[in-house]
Amino acid sequence: MNEKMDFTFQARGDNVDYKLLCDLYRAGFRNISFGLETASERLMKIIKKGETVGQCIESVRMAKRIGFHVSATFIYGLPTETHEDRMSCIKLSKELRLDMPRFNNATPYPGTMLYEIAKKEDRLNIVGLYENFNSVSAMIENPFKKIPFSYVPIGSTENEIRNDILFSHLQFYLNIKKIRMMFSKRGATKRWFNPGNKLRDKIRKVPALFCFAIFLTIKFGTLLFDILLKRNTSISISEFIIILTGRWRRLNS
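Taking this note's numbering, the leading residue of the sequence shown gets 2, the next gets one more, and so forth.
Hints are not guaranteed to be accurate.
[As the list claims (entries may be wrong)] Restraint-style ranges between C-beta atoms, simulated for each label pair: (1) 207 x 62: 34 to 44 Å; (2) 202 x 95: 30 to 40 Å; (3) 13 x 204: 37 to 47 Å; (4) 123 x 232: 21 to 31 Å; (5) 238 x 200: 43 to 53 Å; (6) 66 x 174: 18 to 28 Å.
Since the hints were made in silico from the structure, they are not lab data. For every residue, glycine included, the Cβ atom is placed at its ideal position computed from N, Cα and C.
Using the sequences provided together with the hints, build the complete structure.
Right under this line is the structure:
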């Protein structure tokens, strides 16, 4: 069965080792997802993740050496987080050569420590029946009707975090190779948009794809406009150029 199917699993950086990953790979597992959350050891301690950034880095590199397609999630908007912390996540995702990073907004679900922190700070924002409790709202929301974040940490604004999320996705997926990966399935790669196998199914999904493309164009266009006008964002023009072109590698070396 493992010759006909690929399996995906999630893992922590502190609970995998080389032998385990090799065994899983031989069994047919090809895709692994790590919840890195942040590139800051300080924030790791604040959210009580129970693992270190160093452990996560080591595990990701190990998985890449074995041949896994590696995806990872980062969370923006953690308590005491700064714009610089978020930009460090971009740098780490590039250093690790992640196949598919995702950048989500922090969501204080009831029963979690973040929920209690948000309540204590009086920054818990509940809309209706938790209608705004969506960790990917920055990417899926209608650009003309934004979904208010359920939590924004002290020292940051919702617009700053939203723009940092959009910028993080923009700088990583703004190349032909990544765009093709989102719409195709080759080897271990899992596509984001599945048009179906039949022509009828593909035709039916064209309007949805068109709307999605229009929405993303508006969002990223607004982001670039904000950067140029230096409004609603902490991203400077120089920072935009440095991170987008990869010049930060040379600056940090």
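Status of each hint after checking the structure:
no. : hint                  : in the structure
1   : 207 x 62: 34 to 44 Å  : holds, 40 Å
2   : 202 x 95: 30 to 40 Å  : holds, 35 Å
3   : 13 x 204: 37 to 47 Å  : holds, 42 Å
4   : 123 x 232: 21 to 31 Å : holds, 27 Å
5   : 238 x 200: 43 to 53 Å : holds, 45 Å
6   : 66 x 174: 18 to 28 Å  : holds, 24 Å
Against the hints set out earlier in the document, no violation occurs for any number.
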